[in-house]
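Student: Here are the chains, one letter per residue:
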Amino acid sequence: MQTLFDTICAVITPPGHSAVAMLRISGNRSIEIVCRFFSNHAKLQKAASHTMHYGTFRDNAGTAIDDVVCLLYRAPHSYTGEDSIEISCHGNPLIANRILGTLLGHARMATAGEFTRRAFLNGKMDLTQAEAVADVISATTIKSELAALMQIKGYLATELKNLLQRITTARIKMELAIDFSDQDLPQIDLDTQRTQIAAILNDMELLGSEGGKYIRDGIRICLAGAPNLGKSSIFNALLKENRAIVTPHPGTTRDYIEETIALDGYPVVVYDTAGIRNTVDEIEQMGITRTHDLMQSADIILYLLDQDSSYEFSPDFNEERMIWVWNKIDLAGFNGLPSQEDWERYLMSLQLRLPHEVDDEPIVMNIIPCSTVLPDGLTALTDAILSKLSLPRDIENRPLITNTRHLAALQRSRTAIQAALQAMDCDAGYEFVAFDLIEASSALEEILGVISTDDLLDSIFTNFCIGK
Amino acid sequence: MGAKTAIFVIKLESIGRMSCNPSVGGPAKGHLAREIDALGGEIGYVADLTGIHYRMLNMKKGPAVWAPRAQNDRQLYAQIMREHLEQQDNLHIIESTVSDILVENAAVCGIRTQIGKEYYAPKVIIASGTFLRGRIHVGNITVAGGRSGEPSADQLPASLKAAGFVLGRFKTGTPPRVDLRSLDFSRLEEQAGDPEPQGFSYYRDVTLANRVSCYITHTTAETHSIIQSNIKLSALYSGIIEGIGPRYCPSIEDKIVKFPDKPNHHVFIEPEGLTTHEAYINGISTSLPPWVQEMVVHSIPGLEQAKFMRYAYAIEYDYVDPTEIQLSLETKKIRGLYLAGQINGTSGYEEAAGQGLMAGINAVLSLDNQDPLILTRSEAYLGVLIDDLVTCGTNEPYRMFTSRAEYRLQLRQDNADERLMPIGHKLGLVSETRWQQFCSMKAIKERETMRLWSENCDKHTDLREPVKYAALLKRPELTFTDLKRYGFVAPPDLSSDIERRIEIEIKYEGYLKRQDEELTKFRAAETLLIPPDIDFMKIESIAWEAREKLQRIRPENVGQAMRIPGVNYTDTSALMVWLKKNHLLRKG
Chain A
1 MQTLFDTICA VITPPGHSAV AMLRISGNRS IEIVCRFFSN HAKLQKAASH
51 TMHYGTFRDN AGTAIDDVVC LLYRAPHSYT GEDSIEISCH GNPLIANRIL
101 GTLLGHARMA TAGEFTRRAF LNGKMDLTQA EAVADVISAT TIKSELAALM
151 QIKGYLATEL KNLLQRITTA RIKMELAIDF SDQDLPQIDL DTQRTQIAAI
201 LNDMELLGSE GGKYIRDGIR ICLAGAPNLG KSSIFNALLK ENRAIVTPHP
251 GTTRDYIEET IALDGYPVVV YDTAGIRNTV DEIEQMGITR THDLMQSADI
301 ILYLLDQDSS YEFSPDFNEE RMIWVWNKID LAGFNGLPSQ EDWERYLMSL
351 QLRLPHEVDD EPIVMNIIPC STVLPDGLTA LTDAILSKLS LPRDIENRPL
401 ITNTRHLAAL QRSRTAIQAA LQAMDCDAGY EFVAFDLIEA SSALEEILGV
451 ISTDDLLDSI FTNFCIGK
Chain R
1001 MGAKTAIFVI KLESIGRMSC NPSVGGPAKG HLAREIDALG GEIGYVADLT
1051 GIHYRMLNMK KGPAVWAPRA QNDRQLYAQI MREHLEQQDN LHIIESTVSD
1101 ILVENAAVCG IRTQIGKEYY APKVIIASGT FLRGRIHVGN ITVAGGRSGE
1151 PSADQLPASL KAAGFVLGRF KTGTPPRVDL RSLDFSRLEE QAGDPEPQGF
1201 SYYRDVTLAN RVSCYITHTT AETHSIIQSN IKLSALYSGI IEGIGPRYCP
1251 SIEDKIVKFP DKPNHHVFIE PEGLTTHEAY INGISTSLPP WVQEMVVHSI
1301 PGLEQAKFMR YAYAIEYDYV DPTEIQLSLE TKKIRGLYLA GQINGTSGYE
1351 EAAGQGLMAG INAVLSLDNQ DPLILTRSEA YLGVLIDDLV TCGTNEPYRM
1401 FTSRAEYRLQ LRQDNADERL MPIGHKLGLV SETRWQQFCS MKAIKERETM
1451 RLWSENCDKH TDLREPVKYA ALLKRPELTF TDLKRYGFVA PPDLSSDIER
1501 RIEIEIKYEG YLKRQDEELT KFRAAETLLI PPDIDFMKIE SIAWEAREKL
1551 QRIRPENVGQ AMRIPGVNYT DTSALMVWLK KNHLLRKG
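In order, the protein sequence lines correspond to chains A and R. Quick note on numbering: my numbering labels position 323 of the first sequence as 323, and the sequence is numbered without any gaps. Quick note on numbering: my numbering labels position 307 of the second sequence as 1307, and the sequence is numbered without any gaps.
I should point out that these hints are in silico values taken from the structure, not numbers from a laboratory. C-beta: ideal position from N, C-alpha, C; glycine also. There's no promise every hint is true.
To be verified - Taking lysine-lysine pairs in the DSSO-like style, the calculated list, with each CA pair at most 27 Å apart, reads:
1) Lys124/A x Lys161/A
2) Lys1004/R x Lys124/A
3) Lys1161/R x Lys1307/R
4) Lys1333/R x Lys1161/R
5) Lys1426/R x Lys1459/R
6) Lys124/A x Lys1580/R
To be verified - Now the in silico label distances, taken between C-beta atoms and shown as ranges:
7) Arg1500/R x Asn162/A: 50 to 60 Å
8) Asn162/A x Thr1433/R: 43 to 53 Å
9) Gln165/A x Asp1482/R: 34 to 44 Å
10) Arg1247/R x Gln165/A: 40 to 50 Å
11) Cys35/A x Lys1538/R: 30 to 40 Å
12) Glu1509/R x Ser339/A: 37 to 47 Å
Isolated chain R (complex conformation):
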């Protein structure tokens, strides 16, 4: 978008380092990665360039929840990501730990680094990951650190607190890494990649290939008894950790304490790359001391002789209550300051990447005095993510799920380009080459859809009279490929990707129409704008508790107001009546 930008990193070598498992995607996360790619972001592209194992999850369910997932080469991912950053015009990369934000008249004007140098800018984005007052826990040992082997950022949180932000503390964790050569593969179940790998990026012409397999094993009764008898040694259970961890990603201690009746838990072995023998043992994140970790791993079939390369740890870090930010990701208290990623209480690469992209876009738009780009819940998972954070806050590290999206049937991974690429192109984030490919895809898709609706088929055996191919495609037992057997002539430019898109839209037309009706109602409430300067505390027809909530969140429209927890229907209608009475209700 052309703005002069500097990026500050604690270590240059850690750009693009995957702190958790070497994997991108999965349900809802794969959707996010595709959306980011359609808007011009990097995560999906680099994941495709560095992928070594691909699976499309949920293929047995419907197309809206098919979810691409990749295993990546951890080293290569970081290397390519750094290359891309260095190739970026107008981007200056600086290794420095930021210690302070500089604020004047409630507007940000720059930052100061630990070594005392000041940099001035009208817009600042903080994407601090798990580094703010990061504390690593292994057993009863606690060390300061942002992630394994990297220092924490201890001064910036104080600066944020001084600026008036409410900080909270979250916890997350990682499992041990072992040497693949020390595993007994005869006792592991192999999980190969899909025969036809599918990635995340659109029109980037990356060739995907499966180069490794993953493996599945499980915990045993012995594992459970080791953990039970050593539970007091876990940082999580000895009271050292105060931060709240994610319920969807519990440590192995949590799994065993909270579900004592479950005889075993799955454990996934994920190779870390092509140039290393390191493997990530997904499913047993823990804060037990190292010798107990070894006993735990060795009690798992196939891992009896496993050699440790890294030990598991739990990490606690500061985050800013996300109700401090607006839908643009700009903070309410300090103009020009944007927050993105874990600092807003989220977890996960894709969630962070999405916010980073949106904060960047909005910071530049704001420089040019343009309205921010706010994606709605009906347009993108990115819209759902940000609206959830800003409107509802979060009580645990926030992860995206497909069930969070009301308009899930529309927000598919197959159509992220159709939903978002026009926006990315308009912003100048999508190259002309990609845009041309997208436009040609759209043209082919529309042309062939028209043909299906206009051309008759008379070759299917149980047809008494000719029917349109589209009607035939609606039958549950038939696919697009079957149509060709019944006489549909597929031109050479009709790719299997386009076929799939058309098939989904025709097959599920009924459901998509129903969801469209919902969407229309949703949009109506979203377009009822609430003026920014309202004193909600003065609206007496609204319950006191709801007034306080409205005053804090400052919803931008009636739809958002309705979603604030603790603001019920009556409050919202009272608000509407009040706005109407005072002639403040405007349609956006």
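Just chain A, with the same shape it has in the complex:
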């Protein structure tokens, strides 16, 4: 049975081939367990905290698995606050898995975030830090890591504290007017007050911009369209041009291929899907259904078109996420990306029969030229993706909210600030404006870990698997 403080272990480096892989074991039995299988156990047993030990790791039968380095941490001076050992082996998934398998004979597999949960429970980090670390663990690109790191260092906290301070300042003026109305205090200048609150709202919007969410979760891009228009060649070209950063999960079969790439620094998950066409083939039809599902959940759909294309989607389909792509422009005689003028002239000459319009503008005007053969053939496409998401380019220099819970809290705070402005506009009593401002503050205090509600505790206990 899983208890709160038994010894746990896991591979803590990403799956796949690499130079080195690392496992961690944590809990009061971790040293004893490692010593059973480690050639240099006599020394490890007695060694001081923060020491490294080289030796051979053997399995239950005594067969050598690999030469490893054990990094020893004694409680409470470890990440989790418990005795723990980090074992570095060669970066072959098979080796790491065999070591893990051996350890699992005596220790329990750590659940997601459990090391961090223990660090939190043992007072090694506060809530904000614990959540930021959880983000670092799942961070997939440099920018994600940067955002997560900034959060740890308190940049985010500083920004939020500043906002909180300004909200409080605005509130104090209201409170003064209420509680000291019988004294000769200067009247509130409601116009100034309004301007100040509006400025807070503006800064909140910058801080919580959509970019923050994309940085954490990755932008989901789905390639779709009729068969043989070159979806896979675009997929491969995007991969080739941009660094692929995650190896595909092995052992699953699916009707689409998924890769995560870093597009201009943002984690982008690209899905290459089964081509859409009318078919009676049952298996192919299943693949097409899944393509539709993927398109529904994607942030952006790259929909490939050619002269014969038409498209029919369910009415609830969000066309704003669509980028229409015309591939293989090299075959149309272009030697490079055409100018806007040339491209429009070309498209008009085709007399496409595309029924739908977006924003009263014919789709045809928004078709992006693309070629996987021409140099810079993907530039227009990449730009279109980035502008579709209106990502700020100077993202490194600003703290962004990178955690879903944080984003939700900031959103609540923003809504409350908007309500405060509205209340002021219709001359509601000061206590109502103050009520909205308090709500705005307490939402931020939730991010900063100043105050909490039972809801918050619940969500944390859920994420960190506490007390089961």
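Given chain A's structure and the hints, the job is docking chain R onto it.
Tutor: Chain R only, in chain A's frame:
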């Protein structure tokens, strides 16, 4: 509630004496007075019986912060309060200075008076005001005294200290009183009472009337220069006074030193009663020597010729660190001993009255082995007051403000009876006559609210189709009275008070609903009980500082633990995890 009680006072004549200004109410304080009245207390009732000037403050703000305030006849207030005490069954009034509390096995068993007589009782409530080692300061003269003209209680603090209580020292002050006949009214701005006076009491059938006006004037550049050049003579600035004074009620010296750029400060002239010409000069409390006080007063427009009747003074007194008490107001160290009022670090009549009432209720409940009455922060300002004191302590004389109440929109002065009268009635503190009136008010209110939600209006000109009267009432520009113009038939039993209640609830329904959601979350944490016998020092996942705080305050639930300063979220969640791990987390 039927318990046999004795009350000890230093002077019989000083029962109900208003030591500060002759006024009850104001923001949050008016709310408290109404709550006390709804629970069966006296302050609101006697204030109504003796009121001579009424104003509802904050009328330009929203209904949650409208605040009744009254000027009272000081002599009449004391006289009526003494009458009420003497009429109280089972109450024995004794003039004696209490010198010791008698304690056996960490439980109180009685008191001893200065003249050596002992009285035995299982419950003792100390409500000592500013009398504990009271020291009155005027300039460089210091005399022992509990307030002007009354002796201090010097032995009781020693007895409390011997019992292990931590004592602190606070300071407060009063301004001079002058003869109204010596004022030049042509230079004063008159402040009349409201045309329709509103008081504090519910269902007591008191007729209220404005009988006097108050007056406003201001300090001048001359006032400021007099104070600046004599600042060293003030007890406050010469280092004689060590106690901490309230920041919200500074002396005139403080105002001028701390805000040198402010060219003048308001000064309010408050008549002390109908049978006297004495007036209270609110806004210039001071500990300057008498001749400087005279110069200061005479530099104020309208007061040039003012004749002094009493001089201002500052007073220092002992209080007990309120983290020594529990939410029931019983001390943690000595069973059966309750503290109420200034002794817990508060200031103000209403704050003291509220604690006196709650301590009395809880002492009797405890006699009968019943759970104490703990009002929560979501029920009453009284709950906020006591929770703040017990959970956070206080660094200055504690005064109630509406901003201290998280659930301010619900805790209005108009609905204190709806919030608390059922509790008061259950305790036997609300008479049957009052209770019947309350019940009938509730019935009318519910009936008419239903009608507003069910009856359609088709008489309003910009309506294309009929709408419910309630929907119409939600419009910011319309009041209940307007509804009658648009066809709503008001039955004779619908009073303007009930109309106002209904209007507030319908108009602000959206806000009240939002606050209700907050309330639900709040209650969830309040119902997670912490067992009373936990050794917090052993919970290693909690930061050391927080452990010490928890050990000292001994919070009764997770919600209260979260409010202790120095106990942060991480500590509270660690506490919860620990309680959960040890199967100690219980829902109350």
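Student: Hint by hint, note whether the structure agrees.
Tutor: Status of each hint after checking the structure:
{"no.": "1", "hint": "Lys124/A x Lys161/A", "result": "holds (22 Å)"}
{"no.": "2", "hint": "Lys1004/R x Lys124/A", "result": "violated (56 Å)"}
{"no.": "3", "hint": "Lys1161/R x Lys1307/R", "result": "violated (43 Å)"}
{"no.": "4", "hint": "Lys1333/R x Lys1161/R", "result": "holds (12 Å)"}
{"no.": "5", "hint": "Lys1426/R x Lys1459/R", "result": "violated (45 Å)"}
{"no.": "6", "hint": "Lys124/A x Lys1580/R", "result": "holds (20 Å)"}
{"no.": "7", "hint": "Arg1500/R x Asn162/A: 50 to 60 Å", "result": "violated (42 Å)"}
{"no.": "8", "hint": "Asn162/A x Thr1433/R: 43 to 53 Å", "result": "violated (58 Å)"}
{"no.": "9", "hint": "Gln165/A x Asp1482/R: 34 to 44 Å", "result": "holds (42 Å)"}
{"no.": "10", "hint": "Arg1247/R x Gln165/A: 40 to 50 Å", "result": "violated (20 Å)"}
{"no.": "11", "hint": "Cys35/A x Lys1538/R: 30 to 40 Å", "result": "holds (31 Å)"}
{"no.": "12", "hint": "Glu1509/R x Ser339/A: 37 to 47 Å", "result": "violated (60 Å)"}
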